Structure formats: C-alpha cells, structure tokens
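Protein sequences appear in the order of chains B and W. Anchor point for the first sequence: position 162 equals 162 in the numbering used here, and the numbering is continuous, going up by one each time. Anchor point for the second sequence: position 389 equals 638 in the numbering used here, and the numbering is continuous, going up by one each time.
Any given hint could be a false lead.
Derived CB-CB ranges, DEER-like [to be verified]: (1) B:K92 x W:K727: 28 to 34 Å; (2) W:V479 x B:A112: 26 to 32 Å; (3) W:G559 x B:G94: 38 to 44 Å; (4) B:R25 x W:L490: 51 to 57 Å.
Since the hints were made in silico from the structure, they are not lab data. Small disclaimer: the values here were computed from a predicted structure and weren't measured. Beta carbons: idealized from backbone N, C-alpha and C, even for Gly.
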Amino acid sequence: MANTSTPEPQGHIHPISSLIREANRIFYDMGFTFAEGPLIEDEWHNFDALNVPKDHPARDMQDTFFIKDEAGLVLRTHTSPVQIRYMETQIKKGIQPPYRIIVPGKIFRNEATDMTHEAEFFQIEGLVVEEAATLSTLKGTLSKFLGEAMGGDAEVRFRPSFFPFTEPSIEVDMRLTGPAAPDKLRDKWIEMGGAGMIHPNVLANAGVDAKKYQGFAFGMGLDRIAMLKWGIDDVRLMHSADLRFINQF
Amino acid sequence: MKISKLWLDKFFDAPLPSAEALGEALTFHAFEIDGIEAIGKDSVLDVKVTPNRGHDALSHRGIAKELSAILQIPLAHDPFTNKSDISKKTDAVTVKIDTPLCKRYIAGYIKGVKVGPSPTWLKERLEAIGQRSINNVVDATNFVMFNTGQPLHAFDAAKLGSLNIGVRTAKEGETLTALDAKQYTLTDSMLVITAGNVPVGIAGVKGGMPAAIDEHTTDIVIESANFDGVSVRKTAQALKLRTDASTRFEQGISPELAARGMEGMLEFIQHQIGGTIEGFVDIYPEPQQLAHVSVTIEKVNKILGTQLTGADIANVFTRLGFAYKEEAGVFEVQPPLERLDIKIPEDLIEEVVRIIGYNKIAAIPLPRSTIEPAINTHFYTAEKMREELQAQGYSEVLTSVFADKGERVVLNKVDGVHPYLRESLVPGLTGALAKNKPNKDLLGLAQVKLFEIGTVWKGGTEVVMVGTITEKEKAAEKILIEDAAAASYQNLPLSIATRYQPFSKYPYIVRDIALWTPASAHTEEVQVMIKTLAGELCVKIGLFDTFQKEGRVSLAFRLIFQSFERTLTEEEVNKIMAELSAILGDKGFEIR
Numbered sequence: 001m002a003n004t005s006t007p008e009p010q011g012h013i014h015p016i017s018s019l020i021r022e023a024n025r026i027f028y029d030m031g032f033t034f035a036e037g038p039l040i041e042d043e044w045h046n047f048d049a050l051n052v053p054k055d056h057p058a059r060d061m062q063d064t065f066f067i068k069d070e071a072g073l074v075l076r077t078h079t080s081p082v083q084i085r086y087m088e089t090q091i092k093k094g095i096q097p098p099y100r101i102i103v104p105g106k107i108f109r110n111e112a113t114d115m116t117h118e119a120e121f122f123q124i125e126g127l128v129v130e131e132a133a134t135l136s137t138l139k140g141t142l143s144k145f146l147g148e149a150m151g152g153d154a155e156v157r158f159r160p161s162f163f164p165f166t167e168p169s170i171e172v173d174m175r176l177t178g179p180a181a182p183d184k185l186r187d188k189w190i191e192m193g194g195a196g197m198i199h200p201n202v203l204a205n206a207g208v209d210a211k212k213y214q215g216f217a218f219g220m221g222l223d224r225i226a227m228l229k230w231g232i233d234d235v236r237l238m239h240s241a242d243l244r245f246i247n248q249f
Numbered sequence: 250m251k252i253s254k255l256w257l258d259k260f261f262d263a264p265l266p267s268a269e270a271l272g273e274a275l276t277f278h279a280f281e282i283d284g285i286e287a288i289g290k291d292s293v294l295d296v297k298v299t300p301n302r303g304h305d306a307l308s309h310r311g312i313a314k315e316l317s318a319i320l321q322i323p324l325a326h327d328p329f330t331n332k333s334d335i336s337k338k339t340d341a342v343t344v345k346i347d348t349p350l351c352k353r354y355i356a357g358y359i360k361g362v363k364v365g366p367s368p369t370w371l372k373e374r375l376e377a378i379g380q381r382s383i384n385n386v387v388d389a390t391n392f393v394m395f396n397t398g399q400p401l402h403a404f405d406a407a408k409l410g411s412l413n414i415g416v417r418t419a420k421e422g423e424t425l426t427a428l429d430a431k432q433y434t435l436t437d438s439m440l441v442i443t444a445g446n447v448p449v450g451i452a453g454v455k456g457g458m459p460a461a462i463d464e465h466t467t468d469i470v471i472e473s474a475n476f477d478g479v480s481v482r483k484t485a486q487a488l489k490l491r492t493d494a495s496t497r498f499e500q501g502i503s504p505e506l507a508a509r510g511m512e513g514m515l516e517f518i519q520h521q522i523g524g525t526i527e528g529f530v531d532i533y534p535e536p537q538q539l540a541h542v543s544v545t546i547e548k549v550n551k552i553l554g555t556q557l558t559g560a561d562i563a564n565v566f567t568r569l570g571f572a573y574k575e576e577a578g579v580f581e582v583q584p585p586l587e588r589l590d591i592k593i594p595e596d597l598i599e600e601v602v603r604i605i606g607y608n609k610i611a612a613i614p615l616p617r618s619t620i621e622p623a624i625n626t627h628f629y630t631a632e633k634m635r636e637e638l639q640a641q642g643y644s645e646v647l648t649s650v651f652a653d654k655g656e657r658v659v660l661n662k663v664d665g666v667h668p669y670l671r672e673s674l675v676p677g678l679t680g681a682l683a684k685n686k687p688n689k690d691l692l693g694l695a696q697v698k699l700f701e702i703g704t705v706w707k708g709g710t711e712v713v714m715v716g717t718i719t720e721k722e723k724a725a726e727k728i729l730i731e732d733a734a735a736a737s738y739q740n741l742p743l744s745i746a747t748r749y750q751p752f753s754k755y756p757y758i759v760r761d762i763a764l765w766t767p768a769s770a771h772t773e774e775v776q777v778m779i780k781t782l783a784g785e786l787c788v789k790i791g792l793f794d795t796f797q798k799e800g801r802v803s804l805a806f807r808l809i810f811q812s813f814e815r816t817l818t819e820e821e822v823n824k825i826m827a828e829l830s831a832i833l834g835d836k837g838f839e840i841r
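Use the sequences and the hints to build the structure in full.
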C-alpha cells in the first residue's frame with residue numbers, strides 16, 4: 001500500500017509584483033533605469049521642488065498624511081519626488097542627462113477607502129530628460145508600454161489637464177485594438193493617468209540646466225492597470241492578503 | 250463650474266453647436282466635462298476648470314472665449330470689450346485701503362433703486378446653474394460674477410451707517426454676523442470691509458447681515474474689488490465658509506476684472522433695475538502691467554515634436570485674442586490681462602498645442618538609448634527573494650503599513666484608526682495567516698505559507714524587510730540585504746492569469762468521497778465526472794489520496810461546496826452527496 005501525496009505546490013506572486021516585474025522588463029528594454037525613493041518624504045521633494053506652491057490646495061490637510069512631531073515630513077503622495085531625488089543624485093555625481101527612469105512604488109492619499117479608493121496604493125512614474133523627449137515621443141512611449149502590458153495595440157490619446165510639475169500637462173487615455181486586446185477592454189477609451197513635459201522649474205530645482213535640457217514625465221496607477229488588465233473589481237483586494245485573490249495570479 | 254448653454258448663446262451671433270458638441274470641444278481643447286444636464290429648455294455643462302485657469306475661466310465669458318477660440322466662432326458680444334462707462338466720480342463715498350492684500354476697490358453709489366423680484370430670464374439662468382434667486386439687486390451681482398468671474402457685493406447704503414468704506418486687517422476677536430445669519434469670530438490674519446471702521450463684510454468671502462439688501466432698500470453701494478488669493482483661501486478655510494466669491498478670489502484674479510464687474514453691474518442698473526447713478530470711487534494704486542512672454546517657432550516644435558509653421562502658431566494666438574509680434578521666428582506675446590496663467594514660453598506652447606489639438610501629435614517611438622540602464626540591486630534582490638520563496642510554496646501578500654504601534658505616527662489619518670507606521674511585518678503576516686487558514690481546503694493547500702517584502706520604520710530609519718510565516722513556523726523577518734553583485738535582471742515568470750474570478754464571501758462545506766475504480770480508469774476523467782455530477786455548488790474538487798489493491802485503484806477526492814448567494818446548509822450538501830453516491834453506485838463504482 002503506497003500513499004502518493006501531491007508535491008507542495010509553488011506559491012504565488014502578488015499581481016502588483018508581477019506587474020512591476022513586467023513594467024520593468026518593458027521599460028528596461030527601452031533604456032529605463034528602475035529608481036526608488038523613501039516613503040516618508042520631506043515637503044521639498046514631495047511638493048516644493050515639483051513646483052507645487054506652498055498655498056496649493058494639494059498641500060492641505062485632507063490629502064496628505066503628515067508625520068506627527070516631525071515637521072516637514074509626509075508620506076509621499078506620488079512617486080514624483082523620486083524624479084527630483086534621481087536628478088539631484090546624478091547632478092551631484094557629475095552625470096548630466098540623458099536620463100530615463102521609471103519609479104514603481106507605493107504612495108499614500110489620506111482619504112476614506114472604498115472599492116476604488118485606497119489610502120495606500122501603487123503608482124508608476126516615468127521620466128525622460130533628453131533632446132528627444134517631446135510630446136510625440138511621450139505618446140510613442142506610453143503607447144508601447146500600454147500595448148505590451150495590457151495586450152493588443154494601444155492607441156494613446158491626450159486631453160488637456162493641469163499639474164504644477166508639467167507644462168503642457170495632459171491626461172492620457174488608451175484604446176486597445178487588435179486580436180491580442182482583452183475582450184472587455186477592446187475598442188474603448190480608458191483613462192490611464194497624467195503626463196506632460198517637465199516644467200522648467202522642476203528641472204532647475206533638481207539642479208538640471210533647464211535652458212539646455214527638456215523632458216517628459218508620466219504617472220499611472222499600478223492598481224488601476226492591474227484592475228483593468230485582470231478585471232479586478234475592488235482595489236482593497238490588493239492589501240487584503242487574501243490568497244483567494246492572490247493565488248489566482 | 251456649471252455653464253448654461255442658453256447663457257453662452259448670448260455671447261455669439263452665430264448659432265452654437267449642441268451642448269454635447271460644446272462638451273466635446275472643451276474636453277479635447279480645454280477642460281474636462283463632469284456631465285451635461287438638461288434643465289428646462291437649457292442644457293447645463295459641468296466644466297472642471299483646472300486650477301491654473303481659475304483666473305479667467307470660472308465664468309460664462311471665460312468659457313465662451315475658449316469656445317470662440319476652439320470652434321472659431323467670433324465672440325460677438327464680449328462684456329470685456331463692450332464696456333459701460335464707470336468714469337463718473339462721486340465724493341459721497343470714500344474708500345481707504347489699509348492693506349497690500351487688496352489691490353483694487355471700486356465702489357459704485359446708486360440711489361433710488363427699486364428692489365423686487367428678478368425678471369424670469371434672470372431667475373432661469375441662475376436657477377439653471379444651481380443658484381437661488383433672491384431679489385433683482387442680489388441676483389444682478391451674482392449674474393455678473395458668473396458672467397465675468399468678478400465677485401461683487403451690494404450693501405444697503407442706509408444700513409451701512411457710514412459711507413466711508415475701508416479695507417483692513419480684522420482685529421483679533423472682532424465679530425461679524427454674515428449674510429448666512431451666523432456670527433463669525435475673526436482673527437488678525439483676515440481682511441474685513443468696514444463702514445466707519447465697523448466691519449460690514451469679510452473681504453472676498455461674504456457680506457455682513459446688517460447691511461443686507463431687502464425690499465426697503467433704496468440706496469446701494471456696490472463693491473467690485475480685488476483681494477489676495479492666498480489670504481481669501483486661508484480665511485474661507487479658517488471660517489469653514491467657502492463661497493462662490495471666495496472660490497474665485499482664491500485663484501488669484503486680475504484687478505482689471507474689478508472694472509469689468511462694475512461695468513456689468515452698471516448695465517443692470519441702467520437697463521433692468523433703475524436708479525440714479527451717483528458715481529464711482531476707484532482705488533487702484535498700482536495698475537496691472539501687461540505681461541510679455543516670448544517663444545520661438547523652433548522651441549514650440551522642439552517641445553511638441555512637430556513641424557508647425559509660424560502661421561499655424563499665429564493662428565492660435567489670434568483665435569485666443571493674444572496680441573503678438575512675430576519677428577525672425579520669435580513670437581512676442583501679450584496675453585490678455587485676465588490670463589494670469591501665461592508666464593513662460595511653455596505656457597504659450599500649451600496654448601498652441603491644445604487649440605491645434607493633441608490629436609495632431611504623432612506617436613513617435615523614443616530613439617534607442619545611448620546609455621545602458623542601471624540594474625537596481627534592491628529590486629534585483631527582492632525579485633530573487635520572491636523567486637526563491639515562491640519555489641518553496643510561499644505566496645506573496647501585501648499588508649498595510651498602518652499599524653497599532655510603532656515609532657512613527659501619522660498626524661491626521663482621516664479614518665482615525667491604525668495611525669502608527671509599522672515597525673515589523675510580523676503582526677501583518679500573523680493576521681494574514683489567521684485569515685487564510687480557514688480557506689485552506691478551498692485553496693487546495695496542505696499548509697498556508699506566506700511572505701511579504703515591505704517597508705517598516707524602525708530604529709529611526711525606513712528599511713525594507715522580508716518576512717515569512719507558515720502554519721508550522723513562527724513569523725520571522727530580516728532586512729532585505731542587497732546583492733551588490735547583480736549584473737543583469739533574470740527573466741522571471743509573469744503571472745499567466747487572464748481574468749480574475751470574484752470569490753464567494755459565504756462559507757464553504759467540505760466533503761470527501763473515496764471509490765474503487767478499475768486500474769484502467771483515468772483519474773482525471775473520474776474527477777471531471779464527479780465534479781459534473783456534484784453540480785454547480787461544487788466549486789472545487791481535488792484528489793488527495795490514491796492506493797492500489799488487487800488490480801483496483803482507490804481514489805479519494807475532496808469536494809468543496811460553496812454558493813455566491815447564500816450560506817449552504819449541511820443538509821443540502823449531505824443530500825447532494827447521497828445523490829452523488831447513488832449515481833456513482835449505479836455506474837458500477839464501489840464507494841468506500
């Protein structure tokens with residue numbers, strides 16, 4: 001009599017980790033370095049250096065987590081402070097542009113949570129500083145990334161917007177077409193994130209010669225990309241630690 | 250801001266396209282539209298004016314101007330060019346500004362007005378955009394504000410007590426009952442409007458109750474002034490009193506608008522309300538200077554990646570009403586005074602591209618990078634760790650960084666719970682283990698094994714830890730030590746999932762069944778057959794034991810029953826199992 005027990009199965013990687021792995025692969029092939037920064041940020045990197053003025057509503061209490069008894073420190077509200085940190089570090093090392101980085105990472109917004117809102121979630125930031133960084137190559141870059149990450153041919157559409165750290169600023173929509181596009185997403189315009197040409201004040205604040213260099217930047221929600229890609233209906237599943245969710249990936 | 254289509258129509262001689270077409274034009278060239286609502290014969294667009302355009306676009310005139318530029322329909326009736334004459338002076342009213350935060354104050358003194366209900370058209374316009382009609386004078390000030398973007402206020406001159414108007418910092422503890430009948434206690438960081446040095450209004454926010462317009466009012470003082478945006482924002486915030494006026498001042502608006510507002514009001518007095526115009530006082534110590542911003546054709550194309558000509562760019566400036574000179578590829582531009590947002594060349598480039606249309610921007614691939622991207626050793630190491638743990642059967646969880654204890658605390662957490670930042674992954678992993686243990690059978694796991702790679706705050710620093718927990722081993726964590734030797738990323742597998750399947754929130758029931766099968770039977774076929782026979786409440790089936798004896802094979806399956814709609818009862822699952830056994834028996838299988 002021989003009992004054959006099944007071998008211990010492999011574990012599963014969180015879908016956000018899988019997505020970051022995939023994004024890094026796509027962008028690495030386009031020459032992007034994966035950059036990181038701290039989650040507790042100072043207001044200079046999170047706001048001032050990004051051209052968010054002192055009296056901008058985004059700095060009001062309702063959106064930002066401030067750290068108690070540590071004046072000037074916040075939980076970063078976006079991955080954009082890493083733009084500044086990366087450029088500062090390069091300049092300090094005497095390395096002038098070109099720069100190409102992506103910054104996948106956790107960010108925080110002080111708001112009530114529901115199916116589409118979380119206080120902690122993930123964003124992917126991109127930054128390119130070089131002669132060839134134009135609004136046109138921004139469109140090309142996003143189209144390539146979104147097509148590869150989501151499946152199908154991604155057509156990218158821009159709409160006017162406003163962010164203090166970019167000028168011009170745009171909203172990015174995507175439409176997936178072709179046989180490789182997921183059925184539920186095919187032929188629909190979907191909002192993906194914000195982008196624009198880096199405001200010269202931001203370059204200057206990081207120590208880059210804004211007269212000589214230009215660049216683009218973009219930011220997208222990784223939770224949102226994951227939710228679209230896999231049809232996930234509740235953002236709170238991401239931090240649920242529930243294997244009924246995670247083991248599907 | 251709510252924008253009425255019928256209101257917009259009045260700026261044009263040529264007919265405007267439908268509200269939907271206007272919404273589309275704004276969406277792709279100016280602002281997002283939150284919705285379009287039919288109200289009576291009107292259509293009202295909810296336009297999300299971006300913070301950089303609060304200077305000029307929080308008004309029907311501002312939106313009309315945008316549409317004129319986008320759709321190339323002349324703005325035939327522009328209140329900024331067809332002005333009424335407010336040059337008549339009066340000595341009966343004086344104005345004294347005692348703060349640099351008020352750049353201009355125009356007072357208009359009108360006698361013998363007849364306060365009464367507003368005409369129907371005015372009520373309809375205001376009600377369409379969600380405003381309540383009060384009386385003809387107050388409605389006129391509101392109409393002018395929503396028309397031009399300049400907030401106005403009307404005081405009952407008789408109730409003011411004095412016609413010596415002042416603008417000054419409030420005294421600490423000074424009180425004022427505002428038009429909402431609430432008493433506000435002011436601080437010395439707020440500005441007040443005074444009459445004979447007695448507060449009669451919170452500057453830029455709300456007027457005072459004592460000088461309110463009512464049906465007995467005959468003489469009025471109209472205020473059209475300019476207050477500092479930051480000051481108004483802080484005052485409105487501190488008093489929790491955000492008004493349509495404060496919303497506009499907060500953006501910072503041109504002091505030139507004060508004149509446009511008063512001209513608009515004068516037109517109402519002359520044509521709708523009646524009364525004798527005594528005259529105006531205009532205190533404007535430092536008139537706004539026209540801004541000059543220049544940009545080259547080369548720079549426009551360099552930023553956009555386009556081949557626009559000087560004529561293309563000139564066309565945009567003309568459509569927007571920007572004065573410009575072009576010389577040797579350089580555009581010297583004078584934006585209109587209300588366009589405070591245009592300060593640097595990039596601002597002009599944005600105007601060019603949004604009016605021409607972002608759809609004219611081609612998608613061009615980035616050229617090959619001239620430098621090798623660096624390997625992020627931290628990410629490399631984390632990935633290696635994921636791979637190793639996954640191979641050992643661990644699944645990756647993410648738990649919240651917010652905890653019940655820790656070295657560092659968040660000051661202002663909106664939900665008030667777990668305000669600390671975690672100093673360890675252990676509590677999160679422990680909670681995650683407990684949460685997943687009851688689902689083991691459903692998940693088909695012999696043991697729950699979890700890991701997390703996450704940030705903790707400990708010993709005064711922010712550090713990334715890797716933590717593990719299983720049912721057999723206690724939670725453990727260590728600092729993720731970077732592998733400095735990382736030379737290139739490994740080609741690790743990606744998730745092969747295509748679509749997430751929502752899971753039931755109801756409890757499940759487990760039943761086992763073991764049966765003898767001929768040695769020739771295929772296990773998979775038997776499993777599929779049993780799953781089908783068990784019906785749709787059987788959400789999962791797994792083989793957990795097999796053994797052979799005398800040419801026969803015993804297969805033991807574990808069946809999981811669960812519903813998406815309700816909690817299943819033991820009885821109904823027992824019934825399913827009894828039926829299953831009976832059918833299998835009929836098919837010749839011996840149930841053990």
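Hints and how they fare:
Take K92 (chain B) and K727 (chain W): their Cβ atoms lie about 31 Å apart, and the range 28 to 34 Å holds. At about 28 Å, the beta-carbon gap between V479 (chain W) and A112 (chain B) stays in the expected band of 26 to 32 Å. Range check, G559 (chain W) to G94 (chain B): Cβ separation about 39 Å, and the 38 to 44 Å hint holds. In this structure, R25 (chain B) and L490 (chain W) meet the distance hint of 51 to 57 Å, their C-beta atoms being roughly 53 Å apart.
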